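Visitor: Chain by chain, the residues:
There are 2 protein chains.
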Amino acid sequence: MSAAETAQPNEAAGTPAEESAYPSEHTDYLSEGEISVLSRYWRAANYLAVGQIYLLDNPLLGEPLAPEHIKPRLLGHWGTTPGLTLVYAHLNRVISARGLDMIHVTGPGHGGPATVACCWLDGSYSQVYPDVSRDGAGMARLFKQFSFPGGIPSHVAPEVPGSIHEGGELGYSLAHAYGAAFDNPSLVVAAIVGDGEAETGPLATGWHGNKFLDPVHDGAVLPILHLNGYKIANPAVLARLPREELDALLRGYGHEPVYVTGEDPERVHHALAAAFDHCLDRIAALQRAAREEGSEVRPRWPMIVLRTPKGWTGPREVDGKPVEGTWRAHQVPLSGVRDDPGHLAQLEEWMRGYRPSELFDERGRPWPELLAQVPDGERRLGSNPHANGGRLLRSLPAPDIARHAVPVPSPGTGQHEPTRVLGGLLRELMRDTAERRDFRLFGPDETASNRLQEVYEVSGKGWQEELLGTDEDLSRQGRVLEMLSEHNCQGWLEGYLLTGRHGLFSSYEAFIHIVTSMANQHAKWLKVSRELPWRMPVSSLNYLLTSHVWRQDHNGFSHQDPGFVDHMVNKDPETIRVYLPPDANSLLAVAARTLDSRDRINIVVAGKQPSFDWLDLDEAVHHVERGVSVWDWAGTDTGRTPDVVLAAAGDVPTTEVMAAAKLLREELPGLAVRVVNVVDLMRLLPPDRHPHGLNDRGFDAVFTTDKPVIFAYHGYPWLIHRLTYRRRGHDNFHVRGYKEEGTTTTPFDMLVLNDMDRYRLAMDVIDRVPGLALTAISVRQRLKDKRADHRAYVVREGQDLPEIREWTWS
Amino acid sequence: MSAAETAQPNEAAGTPAEESAYPSEHTDYLSEGEISVLSRYWRAANYLAVGQIYLLDNPLLGEPLAPEHIKPRLLGHWGTTPGLTLVYAHLNRVISARGLDMIHVTGPGHGGPATVACCWLDGSYSQVYPDVSRDGAGMARLFKQFSFPGGIPSHVAPEVPGSIHEGGELGYSLAHAYGAAFDNPSLVVAAIVGDGEAETGPLATGWHGNKFLDPVHDGAVLPILHLNGYKIANPAVLARLPREELDALLRGYGHEPVYVTGEDPERVHHALAAAFDHCLDRIAALQRAAREEGSEVRPRWPMIVLRTPKGWTGPREVDGKPVEGTWRAHQVPLSGVRDDPGHLAQLEEWMRGYRPSELFDERGRPWPELLAQVPDGERRLGSNPHANGGRLLRSLPAPDIARHAVPVPSPGTGQHEPTRVLGGLLRELMRDTAERRDFRLFGPDETASNRLQEVYEVSGKGWQEELLGTDEDLSRQGRVLEMLSEHNCQGWLEGYLLTGRHGLFSSYEAFIHIVTSMANQHAKWLKVSRELPWRMPVSSLNYLLTSHVWRQDHNGFSHQDPGFVDHMVNKDPETIRVYLPPDANSLLAVAARTLDSRDRINIVVAGKQPSFDWLDLDEAVHHVERGVSVWDWAGTDTGRTPDVVLAAAGDVPTTEVMAAAKLLREELPGLAVRVVNVVDLMRLLPPDRHPHGLNDRGFDAVFTTDKPVIFAYHGYPWLIHRLTYRRRGHDNFHVRGYKEEGTTTTPFDMLVLNDMDRYRLAMDVIDRVPGLALTAISVRQRLKDKRADHRAYVVREGQDLPEIREWTWS
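Chains as they are written, first to last, in this note's numbering: chain R, 48 to 857; chain H, 48 to 857.
Hints are computed from structural coordinates only; laboratory data are not their basis.
Predicted model only: the values in this text are computed from it and were never measured.
One or more hints might be untrue.
Said to hold, decoys possible - Listed next, the in silico BS3-like pairs over lysine-lysine satisfying Cα-Cα at most 27 Å (straight line):
{"no.": "1", "chain 1": "R", "residue 1": "K191", "chain 2": "R", "residue 2": "K258"}
{"no.": "2", "chain 1": "H", "residue 1": "K833", "chain 2": "H", "residue 2": "K786"}
{"no.": "3", "chain 1": "H", "residue 1": "K191", "chain 2": "H", "residue 2": "K258"}
{"no.": "4", "chain 1": "H", "residue 1": "K191", "chain 2": "R", "residue 2": "K191"}
{"no.": "5", "chain 1": "R", "residue 1": "K786", "chain 2": "R", "residue 2": "K709"}
{"no.": "6", "chain 1": "H", "residue 1": "K786", "chain 2": "R", "residue 2": "K833"}
{"no.": "7", "chain 1": "H", "residue 1": "K833", "chain 2": "H", "residue 2": "K709"}
{"no.": "8", "chain 1": "R", "residue 1": "K786", "chain 2": "H", "residue 2": "K709"}
{"no.": "9", "chain 1": "H", "residue 1": "K754", "chain 2": "H", "residue 2": "K786"}
{"no.": "10", "chain 1": "R", "residue 1": "K709", "chain 2": "R", "residue 2": "K831"}
{"no.": "11", "chain 1": "H", "residue 1": "K709", "chain 2": "H", "residue 2": "K831"}
{"no.": "12", "chain 1": "H", "residue 1": "K574", "chain 2": "R", "residue 2": "K574"}
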């Protein structure tokens, strides 16, 4: 890498004309004073990062470094640090100079020491953690806590003020950045993309977020692709591309790249400052064109490619092997420092090379001069309220759910498509937030397929590419976002929520597994955030899982998977809620509750196909409040002890349980059947395992402790056992559900194949109520025959029996 | 779209010189005879696709179409079909003309009718499904079975001969294609990428597979990006890009794109034929350069961009709205055909427009003329053995595990890093397959971090980008593949296995969640494949999950997640195996068994940190064979009834259980403690739930039916309850495990926070053995104090207690 390569502009062919505005060489772009400030700030930040990795004591190197000053266990990642601190320094400069409202997203993994160092320097850190004060005592704590028991992780995490992004699992920086920028027209989100994370799938499609960013109503995202060349142990794919190939890729992603390359700090400072100024000028110009001149051309947003050595300013060689600029700089460049006097000396030389006395006064406070470009107050990257979104959060206008409720003169007579009814409520919310613009719907090309299309009447689908005459419901400013990337939908929504807004992600149930890992990380983020008093609650992440397993009969096995709930209930119980509304009105009641909640992940599973209405709105609201209800009107146990409990969780299970109850009433009128419905699945857990957990007395009162419970559950049946194994009556639970017997068939046949159909449930009752099996032998045979007849019809005719589809309960 | 746009070459700037070899206009590239064959074949395939979507009877339209000939439920996806049949027709042509060994991967979702039609035409379909014969009777069955109960799904699936790829969940076509091409030097994999799936993250990074494809030892991948413009309800992002932006993107991905655009079939036939010939010539030239001339320049592989109307040749308008060329053509263009005479007539007109009598004789057999370009025998895309990889599978050479075993003179004295020991075995396998080249290791930049680096001694990491002097272990022909994309690692391995080879994917445990959904789909693929007698068993997909939850103390909460097992045990039990080897030798025994298995997904969880050796090789092999063992030598119940069972599954739990057993022996010598170790987790399930399930007698003999069982499990504790809830002694099970109490700390503290440390386990015993709590009150207090002291030390000093780390069992 030669200094001459510094800040070469974009010579690649195909460069649009406006690109030439970026000057080709900048060796004296900044004044000496500016360079001096940047340089000192950068040295200070790097010093603080090295200190976090190595030092237990002696933070200012007031005395010669001795083994007892070194941490017993050396952890952390130096390699990415100097690039991150460099960018932070320059962001400070442009925020101050331009009065920008800016947050940053740090994509590279394990960038913790860099970002923590910088927000300690700007005072944000000490503001939320007063014991880590901006002085020598605080510096000692800052150093010790890093990757230390009871301390902080080695990557950017919820603990880091100013962050909405965790650098643990990689790949989501751009999606988070776009999510933050949506509907924040005056915000600029600087997104640092590591060349490691750039190899991930989510990041690779994350670039396309720019096709959904409205230059009028949304803010800007400024990607900074940091090519330091290496991952843990390998070169990075993008870093080794020939220049023209990389340039083509980034232009293909719709950006105008500006290159800053070098290893001479002063030259890089000049070039990077020029690049930032150029990019921010371009952003301002593009926004002006769209906002003031009405341009409808999709902007080619600028971006920066920063190519600097991995582990820059760290040891060049260790034990005779090159370190700076190689993958060996990834983690801790000098190992065994406590026991290796040579390494100890090299560390001391390295740290003293930053000249700490020029950086901190004798009490450990940063000299004011090096903070000259640090912005004030909430403009600091560590203190911008957008990065602590709960501070900006406004409650959604309460929807008038009564207006959307469907009439239910008697249970099981009418039918509605629950998600279509929900669409009306979402339409209302979309309309009522038209000015505020703080509510969005996300989905992978399925909003209409999931029957929520009523929202299009008040907000189209956001789309910044070409519009054709045949297009419908696309609009430049639409707040429905549809891209065939669950990763982007999830990442955008996370970024949107963490900056203080509201939203809902609707997905086919099976394919939500695509974002299992992201949901995992968001759940972890929320758990940790709740433990931080300075992080204000944000709006919950709401999933609507529809087109679910029981109605993917036509699409077949690959589309049938109800296991997302199983995954999520492993996460922190304070975070996870699972609702299975049995009908349209209960879906409305669940939606109103979940959209108004904070810091949760709400999973709502509801069908889009016409299905029976059981509850009027009042009943639905009460049912959702209770979470579990005995449906007296559906059972035959009024005034007597039940012989058996028939329980359901989910819309299709509810229909089957109701049908089974009807069959039993007709066939065995003497049997006392209790019908139970579970809408809030977490009620099944004991109260010490989940805040919604029903206490044992309540649970036993509903399910009894000694009667058979035939439980029809929407998903994998063993989940009900996992939730109830500590209940007294658990041994009596017999659960039916999806047992991975999927295929291409009809809805009724899906139930038969998985033994959850009405006939099977009724037979289960007969088999399990003591003494009944013998007396009801003929009933059982009748049910069995009917079931077989129906199945044969289905397989012969290719359709559900009309009587099954049109069957009504009352 | 105008016909004049057809087959414009690459005018975009930056085109390399060799590109000019592709001629700019082709209106008479093919002879009239060739055009006629292609055109008739294409019409036949389209006719067969429409028939599958609509017809229950009257397949040859021998009589006027009547409502009773129409399926009662219209399902299927017409939109993508004509593009897929077109490509298939042209692939036939080039395979025949060039004698190519080629398979295809159909990325677009729901392309079932197209591919099924084509492999019925070439006879492959009837060969594996003789009742679906290549005549009128077979055609009737072909039509009826599609999306019909007991029939086949609407997308390409395992049921489709010639496929290694399911078109249900989207995004993996390129990864599968590269996996198939690795180590198949004479194979060409044609990969059709839909413009919908192109938006997914996995596909977006899938393009980078070309940086890992060795032109000498690997075959070629020919991507065909099919831009038909629309997804379900939206335009596709790539389809709406301006031409120069799309061109830059594809060049940035390292390809030379060739464009074929049009809506006039004849012109498109000419242009597409020319494009295929050009691309295959380029592939041959690039391979020659690498193989014969020793070129080390990474090839810019050719690719085709095919832009044709969605639902091409289908109804132009329906009910006054445009359909062909819009998203309305996505599924069934004409609805309600049974009840709508107008739609019925339009369907008949559409189908007759293909002139069926020119396509099929009166007995429904395709006229031989239209099959003139169909290849013979195993060259047919539906019959290529690479797409039924079990037919080509050779068993791996059996590794000599004794050579890698670690000596264990007595249990718990020595320590080894289990994965490093495994690395030796993998090195041997890598060496022994150096000529065969049918074994590979995959991992996201973590092979060395996971301590498997001994393999580098015999095979480097494959890398086709620039090599620098400082690089280590990179090589052009390496069979270790490392890219920071779990999606690519998984997809490559799937493609590699499904074409008859072997492999292993090692990952940090927490981040394997990234491919949860892919693993899901692979499990479904294997389940369905096993039900198809013509699909031969393939080698199992082996996961090594290491850097696991208990040793991610330093990386913190985001790196701690053992839930992948929970997810996978929901899948078909015939497919899923889970092993938790307690030490190095048992990892060797597990590896030998899993690498030699077929049609499974084996999840092996093993640590990389030094940990105690418990079993010598013989004992380890026996332990793995049994799956669950009583470790007599570790317990104190020899010759007497145990008072308590201490069970462990996992390496860290084993150490803690052993330590707890030791504490109890010292503190309460009279107590009869049985020590049980579980290496094969599925043994816990009843035998009717899993083929490895222990029968009740065996289970009760090990765990007793009435004694307390304190079970230390590697992952979420409730999984053990979910597996054992039907066992007689289940109510006595008390399980400890990871309960999402993650943080940045030390290994010992992780155990304390999650209540799985030795002291807690010993206290659990005291609390649960009847009568013991009172007499052992002082022991309990001692344990409690010691635990608290240790924790305080850890938090103060930032390291594990030396005595905890160096503690030995014997």
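Visitor: Decide, hint by hint, whether the structure agrees.
Guide: Status of the hints after comparison with the structure:
1. Distance restraint check for R:K191 and R:K258: the Cα-Cα separation of roughly 44 Å exceeds the 27 Å cut-off, and the hinted pair is therefore not satisfied.
2. For the suggested pair H:K833 and H:K786, the alpha carbons sit about 23 Å apart, so the restraint of at most 27 Å is met.
3. This hinted pair does not check out: H:K191 and H:K258 have alpha carbons roughly 44 Å apart, beyond 27 Å.
4. Proposed proximity of H:K191 and R:K191 is contradicted: the alpha carbons are some 71 Å apart, above 27 Å.
5. Distance hint between R:K786 and R:K709 is fulfilled; the C-alpha atoms sit about 25 Å from each other, no more than 27 Å.
6. Of the pairs offered as hints, the one joining H:K786 and R:K833 is violated, with about 47 Å between alpha carbons and a cut-off of 27 Å exceeded.
7. Using a Cα cut-off of 27 Å, the hinted pair H:K833 and H:K709 holds, with the two alpha carbons roughly 15 Å apart.
8. For the proposed pair R:K786 and H:K709, the alpha carbon gap of about 42 Å is over 27 Å, so the pair is violated.
9. Of the pairs offered as hints, the one joining H:K754 and H:K786 holds, with about 24 Å between alpha carbons and a cut-off of 27 Å not exceeded.
10. Between the alpha carbons of R:K709 and R:K831 the distance comes to roughly 16 Å, so the proposed pair stays at or under 27 Å and holds.
11. Of the supplied pair hints, the one linking H:K709 and H:K831 holds, its CA atoms being roughly 16 Å apart against a limit of 27 Å.
12. Simply put, H:K574 and R:K574 have alpha-carbon atoms about 37 Å apart, too far for the 27 Å limit, and the pair is violated.
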